[in-house]
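Participant: The listed protein sequences derive, respectively, from chains A and B.
Numbered according to my numbering, the first sequence spans residues -8 to 104.
Numbered according to my numbering, the second sequence spans residues 2 to 117.
The hints are simulated quantities; they were obtained by calculation from the structure and are not laboratory data.
Every residue gets a Cβ at the ideal spot worked out from N, C-alpha and C, and that includes glycine.
Be aware that a few hints might be false.
Straight-line alpha carbon distances no greater than 20 Å define the calculated EDC-like cross-link-like pairs of lysine to aspartate or glutamate that follow [what the hints assert, rightly or not]:
1. A:Lys48 with A:Asp73
2. A:Lys91 with B:Asp31
3. B:Lys37 with A:Glu36
4. A:Lys33 with B:Glu25
5. B:Lys10 with A:Glu36
6. B:Lys37 with B:Asp86
7. B:Lys41 with A:Glu36
8. B:Lys42 with A:Glu36
9. A:Lys91 with B:Glu54
10. B:Lys37 with B:Glu59
11. B:Lys42 with A:Glu0
12. B:Lys41 with A:Asp30
13. A:Lys33 with B:Asp39
14. B:Lys42 with A:Asp30
15. A:Lys54 with A:Glu36
16. B:Lys41 with B:Asp86
17. B:Lys45 with B:Asp86
18. A:Lys91 with B:Asp39
19. B:Lys41 with A:Glu0
20. B:Lys45 with A:Glu36
21. A:Lys91 with B:Glu59
22. B:Lys37 with B:Glu25
23. A:Lys59 with A:Glu49
24. B:Lys45 with A:Asp30
25. A:Lys54 with A:Asp73
26. B:Lys72 with B:Asp31
27. A:Lys50 with A:Glu72
28. B:Lys37 with A:Asp30
29. A:Lys33 with A:Glu72
30. B:Lys45 with B:Glu59
Coverage of chain A stretches by chain B, computed from C-beta distances (three or more under 8 Å per stretch; other residues unrestricted) [stated by the list, open to error]:
31. 28 to 35
32. 94 to 101
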Amino acid sequence: EDQVTQSPEALRLQEGESSSLNCSYTVSGLRGLFWYRQDPGKGPEFLFTLYSAGEEKEKERLKATLTKKESFLHITAPKPEDSATYLCAVPSNWADSWGKLQFGAGTQVVVTP
Amino acid sequence: DTAVSQTPKYLVTQMGNDKSIKCEQNLGHDTMYWYKQDSKKFLKIMFSYNNKELIINETVPNRFSPKSPDKAHLNLHINSLELGDSAVYFCASTLRGDRVGDYGYTFGSGTRLTVV
Chain A
-8 EDQVTQSPEA LRLQEGESSS LNCSYTVSGL RGLFWYRQDP GKGPEFLFTL YSAGEEKEKE
52 RLKATLTKKE SFLHITAPKP EDSATYLCAV PSNWADSWGK LQFGAGTQVV VTP
Chain B
2 DTAVSQTPKY LVTQMGNDKS IKCEQNLGHD TMYWYKQDSK KFLKIMFSYN NKELIINETV
62 PNRFSPKSPD KAHLNLHINS LELGDSAVYF CASTLRGDRV GDYGYTFGSG TRLTVV
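Bound-form chain B, shown alone (with noise of 0.2 Å):
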């Protein structure tokens, strides 16, 4: 029943390590995004994609890399982890249309990355 699902919950790894964070959403939305959330609680968007092209990529370090296999799923690999990148990361959709708030956007209930 979850419109927008997140993989996993929780991520606790080292510094170094390469991690992959799964999104997935059964709402039938065409456009998907991955959002950002620090210690001061800003949400602060990275890439967005429609219909499987990438249509927002933000200034992110290149060792962020989001993979979208299909409009329903978007995936967020990071490489070699840093302390920095110790965050709550949410997932999106929405269903791009002539007036952006028609649909709304649908947030999952994000995944808490932890770099020790």
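In isolation and in its complexed conformation, chain A is listed as follows (with noise of 0.2 Å):
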């Protein structure tokens, strides 16, 4: 069964403080994986889709990579406005069922001051 876990289920970084958060999954056949950041009451905003291993796309202080088992996220030089809920997805049977996201339980990070 295809399965998408991501560590650590939260973060505390200080500003400024580099880290790394991790997307590990299991999925037959991968067609893209993709980084999701959901704030408090909203709905998950999209941040990056990566295709193959080895691919890597950058946002701001954000840095995604991917390899044939799992992707990073790297925050570099983290804000306080980078505090949020991470959110790593893979679309599953997608031959049968196009568009069907798989999603991970998330990283919560919090950055302070």
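Got two chains here, each in a separate frame; can you build the complex from them with the hints?
Facilitator: Here it is in structure tokens:
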């Protein structure tokens, strides 16, 4: 069965203290891996899609990388506004049910000044 | 200006009632979804429509019935509400393409349903 596991569950950082979040997956025939950010009381906000091992994407202080078994979201010199829950997701059963995203439980990041 | 809008934002109702949640997108997307986020924050897909055709129907109680009058609208009707239905329900949309991530998935801000 396809699985998406994120670690750690929660991360508390000082402003400027860089760190990485992990998303490991077991999906046959990965078609893409998504990263989302979710703020309290809001819907997930799209950050990146990665398609193949070795691919990297950046957005401001965030950098996502992908290997054959996991993805990392690096937060460089975070600011308090980077506080959010970060979710990764993969589409499963691509051929049978297009666009069915399977989400991990998320990593809750808190950045303190 | 809102890309994916859901109404209502909050819904408090008694067990046994019937309620509906509405979703509309103005992005020109052709595929819409309902996701449920439970108390543990897991997001799970419930339904998906592509151009008004149901394409994903997960193992959801048949008390839940989606309807898509056109590709810009997707509604969710829930009959005989139970305590366990309490959750946040998110609508999302995307444009079906050759690569699933090309156009991203845009989520609404959610409807928090509380059954008492």
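Participant: Indicate, hint by hint, whether the structure satisfies it.
Facilitator: A quick look at each hint next to the structure:
For the proposed pair Lys48 (chain A) and Asp73 (chain A), the alpha carbon gap of about 17 Å is at most 20 Å, so the pair holds. Only pairs whose Cα atoms come within 20 Å are accepted, and Lys91 (chain A) paired with Asp31 (chain B) is accepted, the gap being roughly 15 Å. For a cut-off of 20 Å, the pair hint linking Lys37 (chain B) to Glu36 (chain A) stands: about 16 Å separates their Cα positions. Between Lys33 (chain A) and Glu25 (chain B) the CA atoms are separated by roughly 16 Å; this keeps the pair inside 20 Å, and the hint holds.
Taking the CA atoms of Lys10 (chain B) and Glu36 (chain A), the gap is near 17 Å; set against the 20 Å cutoff, the hint holds. Simply put, Lys37 (chain B) and Asp86 (chain B) have alpha-carbon atoms about 9 Å apart, close enough for the 20 Å limit, and the pair holds. A hinted pair counts as satisfied when its Cα atoms are at most 20 Å apart, and Lys41 (chain B) with Glu36 (chain A) qualifies at roughly 19 Å. Distance restraint check for Lys42 (chain B) and Glu36 (chain A): the Cα-Cα separation of roughly 15 Å lies within the 20 Å cut-off, and the hinted pair is therefore satisfied.
Between Lys91 (chain A) and Glu54 (chain B), the direct Cα distance comes to roughly 15 Å. Compliance with the 20 Å bound is thereby established for this hinted pair. This hinted pair checks out: Lys37 (chain B) and Glu59 (chain B) have alpha carbons roughly 11 Å apart, not beyond 20 Å. For the hint pairing Lys42 (chain B) with Glu0 (chain A), the CA-to-CA distance comes to about 11 Å; that is within 20 Å, so the pair holds. About 15 Å separates the Cα atoms of Lys41 (chain B) and Asp30 (chain A), which keeps this hinted pair within 20 Å; it holds.
Between Lys33 (chain A) and Asp39 (chain B), the direct Cα distance comes to roughly 14 Å. Compliance with the 20 Å bound is thereby established for this hinted pair. For a cut-off of 20 Å, the pair hint linking Lys42 (chain B) to Asp30 (chain A) stands: about 12 Å separates their Cα positions. Simply put, Lys54 (chain A) and Glu36 (chain A) have alpha-carbon atoms about 16 Å apart, close enough for the 20 Å limit, and the pair holds. Distance restraint check for Lys41 (chain B) and Asp86 (chain B): the Cα-Cα separation of roughly 14 Å lies within the 20 Å cut-off, and the hinted pair is therefore satisfied.
As the CA atoms of Lys45 (chain B) and Asp86 (chain B) are separated by approximately 13 Å, the hinted pair is consistent with the 20 Å bound. With a C-alpha separation of about 18 Å, the suggested pair Lys91 (chain A) and Asp39 (chain B) falls inside the 20 Å cut-off, and the hint holds. Restraint check for Lys41 (chain B) and Glu0 (chain A): the C-alpha separation of about 11 Å stays at or below 20 Å, so the hint holds. With a CA separation close to 16 Å, the supplied pair Lys45 (chain B) and Glu36 (chain A) stays within the 20 Å bound.
At most 20 Å may separate the alpha-carbon atoms for a hinted pair to count; Lys91 (chain A) and Glu59 (chain B) meet this at roughly 10 Å. Distance check on the hinted pair: Lys37 (chain B) and Glu25 (chain B) sit about 17 Å apart at the alpha-carbon level, within 20 Å; holds. For the proposed pair Lys59 (chain A) and Glu49 (chain A), the alpha carbon gap of about 19 Å is at most 20 Å, so the pair holds. Straight-line distance between C-alpha atoms of Lys45 (chain B) and Asp30 (chain A) comes to about 18 Å, which keeps the hinted pair within the 20 Å bound.
The hinted pair formed by Lys54 (chain A) and Asp73 (chain A) meets the criterion: a straight-line CA distance of about 13 Å does not exceed 20 Å. About 6 Å separates the Cα atoms of Lys72 (chain B) and Asp31 (chain B), which keeps this hinted pair within 20 Å; it holds. Taken as a hint, the Lys50 (chain A) and Glu72 (chain A) pair is honoured in the structure, with Cα atoms around 14 Å apart against an allowance of 20 Å. As the CA atoms of Lys37 (chain B) and Asp30 (chain A) are separated by approximately 16 Å, the hinted pair is consistent with the 20 Å bound.
At roughly 15 Å between alpha-carbon atoms, Lys33 (chain A) and Glu72 (chain A) fall within 20 Å of each other, so this suggested pair holds. A threshold of 20 Å between alpha carbons decides the hint, and for Lys45 (chain B) with Glu59 (chain B) the separation of about 9 Å falls inside it, so the pair holds. Residue count for the stretch 28 to 35 of chain A with a Cβ under 8 Å from a Cβ of chain B: 4. That meets the three needed, and the coverage hint holds. Closer than 8 Å: that is the beta-carbon criterion, and the stretch 94 to 101 of chain A has 3 residues meeting it against chain B, so the requirement of 3 holds.
The structure shown violates none of the earlier numbered hints.
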